Amino acid sequence: EINFDRQRPAAVIDLTKVAELEEWGTENGMLRIGAGVTYSRIIDELGGRLPGLAMASRTVGSPQIRNRGTVGGNLGSASPAGDAHPPLLASGSLVELASASGSRRVPVGEFFVGPKRNAMRNDELIAAFLVEPTRGPEQFSKVGTRNAMVIAVCSFAIALDVERKRVGTGIGSAGPTPLAAIEAEEFMAGVLDESGLWERPADVDPNAIARFGELVAAAARPIDDVRGTAAYRRHALAVLARRTFTWAWDERRRSA
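Residue numbers (this note's numbering): 26 to 281.
Since the hints were made in silico from the structure, they are not lab data. As the structure is a prediction and not an experimental result, all values here were calculated from the model. Do not rely on the hints blindly, as some may be mistaken.
[To be verified] For each label pair, taking beta carbons as the anchor points, the in silico distance ranges come out as:
(1) Pro34 / Glu208: 36 to 44 Å
(2) Val37 / Arg236: 14 to 22 Å
(3) Ile27 / Asp250: 31 to 39 Å
(4) Tyr257 / Ala235: 13 to 21 Å
(5) Arg236 / Ala44: 46 to 54 Å
(6) Ile90 / Asp249: 25 to 33 Å
(7) Ser220 / Ile90: 23 to 31 Å
(8) Ala281 / Pro231: 13 to 21 Å
(9) Ala173 / Ala256: 38 to 46 Å
(10) Asp250 / Arg142: 12 to 20 Å
[Said to hold, decoys possible] Think about it this way: if two alpha-carbon atoms lie no more than 20 Å apart in a straight line, the pair counts; the simulated SDA-like pairs of lysine to any residue are:
(11) Lys141 / Ile27
(12) Lys190 / Val216
(13) Lys141 / Pro34
(14) Lys190 / Gly98
(15) Lys190 / Gly117
(16) Lys190 / Ala152
(17) Lys141 / Val229
(18) Lys190 / Leu150
(19) Lys42 / Gly215
(20) Lys42 / Gly94
(21) Lys141 / Val216
(22) Lys42 / Val62
(23) Lys42 / Gly117
(24) Lys42 / Ala125
(25) Lys141 / Ile176
(26) Lys42 / Ser87
(27) Lys141 / Ala205
(28) Lys141 / Asp228
(29) Lys190 / Lys141
(30) Lys190 / Phe212
(31) Lys190 / Asp228
(32) Lys42 / Leu150
(33) Lys190 / Ala205
Ideal placement from N, C-alpha and C gives every residue a C-beta, glycine not left out.
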């Protein structure tokens, strides 16, 4: 924002010496991850517990960027194309905001309020985000104009919570904010429940998987821009939704 002269703050505070922002731990069954924990650390230290977020982290920029960049920074910019946002939505994360007067936690689905706008007040900073360790298979995939160092044309994340019989989704770069495909989540969770597949994993009806993709695409609110058309983004999201669900369900069947 400063580099492109969109903002001219009177002062800039360097938070890299605040050690607490670079810590992570557990709290009431959730992982509390400081806003200064880098993508590389998420991949190396938390990949087994947060596989969807680790997958997304591997697609961020270059190794140098992953060694410096953070999910906290991604949340702060509130870009619709932020790679970390879809897996955070799919897993039902919380964002912890802190100020001199105290702290509060905001569901990630309520944190994004508009294009590059979030729910932070002027006196707040992002202290951490909280997310439950995986309760089932998670997947992330994105489409870009090349394989690395690229802003996503669109992206999608899915998280299967086997214990709670829940399907979580997250859509990136296909709306004014990152989005969850609520109708698609409810549809697929219902299909798996009514067919008894949560308990006894087997093949899922291909028509149901296709319908899931259609509902994900319908949940998006894309625009035409230099990276792609709205129509292409909807098509790509349907494909990503079908693929990631299939990958996640195959993993569920192997682990059952």
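Hints and how they fare:
no.: 1; hint: Pro34 / Glu208: 36 to 44 Å; verdict: holds (40 Å)
no.: 2; hint: Val37 / Arg236: 14 to 22 Å; verdict: violated (49 Å)
no.: 3; hint: Ile27 / Asp250: 31 to 39 Å; verdict: violated (23 Å)
no.: 4; hint: Tyr257 / Ala235: 13 to 21 Å; verdict: holds (18 Å)
no.: 5; hint: Arg236 / Ala44: 46 to 54 Å; verdict: holds (49 Å)
no.: 6; hint: Ile90 / Asp249: 25 to 33 Å; verdict: holds (28 Å)
no.: 7; hint: Ser220 / Ile90: 23 to 31 Å; verdict: violated (43 Å)
no.: 8; hint: Ala281 / Pro231: 13 to 21 Å; verdict: holds (20 Å)
no.: 9; hint: Ala173 / Ala256: 38 to 46 Å; verdict: violated (26 Å)
no.: 10; hint: Asp250 / Arg142: 12 to 20 Å; verdict: holds (18 Å)
no.: 11; hint: Lys141 / Ile27; verdict: holds (14 Å)
no.: 12; hint: Lys190 / Val216; verdict: holds (11 Å)
no.: 13; hint: Lys141 / Pro34; verdict: holds (17 Å)
no.: 14; hint: Lys190 / Gly98; verdict: violated (32 Å)
no.: 15; hint: Lys190 / Gly117; verdict: holds (14 Å)
no.: 16; hint: Lys190 / Ala152; verdict: violated (31 Å)
no.: 17; hint: Lys141 / Val229; verdict: violated (38 Å)
no.: 18; hint: Lys190 / Leu150; verdict: violated (34 Å)
no.: 19; hint: Lys42 / Gly215; verdict: violated (48 Å)
no.: 20; hint: Lys42 / Gly94; verdict: holds (15 Å)
no.: 21; hint: Lys141 / Val216; verdict: violated (35 Å)
no.: 22; hint: Lys42 / Val62; verdict: holds (12 Å)
no.: 23; hint: Lys42 / Gly117; verdict: violated (29 Å)
no.: 24; hint: Lys42 / Ala125; verdict: holds (18 Å)
no.: 25; hint: Lys141 / Ile176; verdict: holds (14 Å)
no.: 26; hint: Lys42 / Ser87; verdict: violated (24 Å)
no.: 27; hint: Lys141 / Ala205; verdict: holds (17 Å)
no.: 28; hint: Lys141 / Asp228; verdict: violated (40 Å)
no.: 29; hint: Lys190 / Lys141; verdict: violated (33 Å)
no.: 30; hint: Lys190 / Phe212; verdict: holds (12 Å)
no.: 31; hint: Lys190 / Asp228; verdict: holds (17 Å)
no.: 32; hint: Lys42 / Leu150; verdict: holds (15 Å)
no.: 33; hint: Lys190 / Ala205; verdict: holds (17 Å)
When each numbered hint is compared with the structure, violations occur for hints 2, 3, 7, 9, 14, 16, 17, 18, 19, 21, 23, 26, 28, 29.
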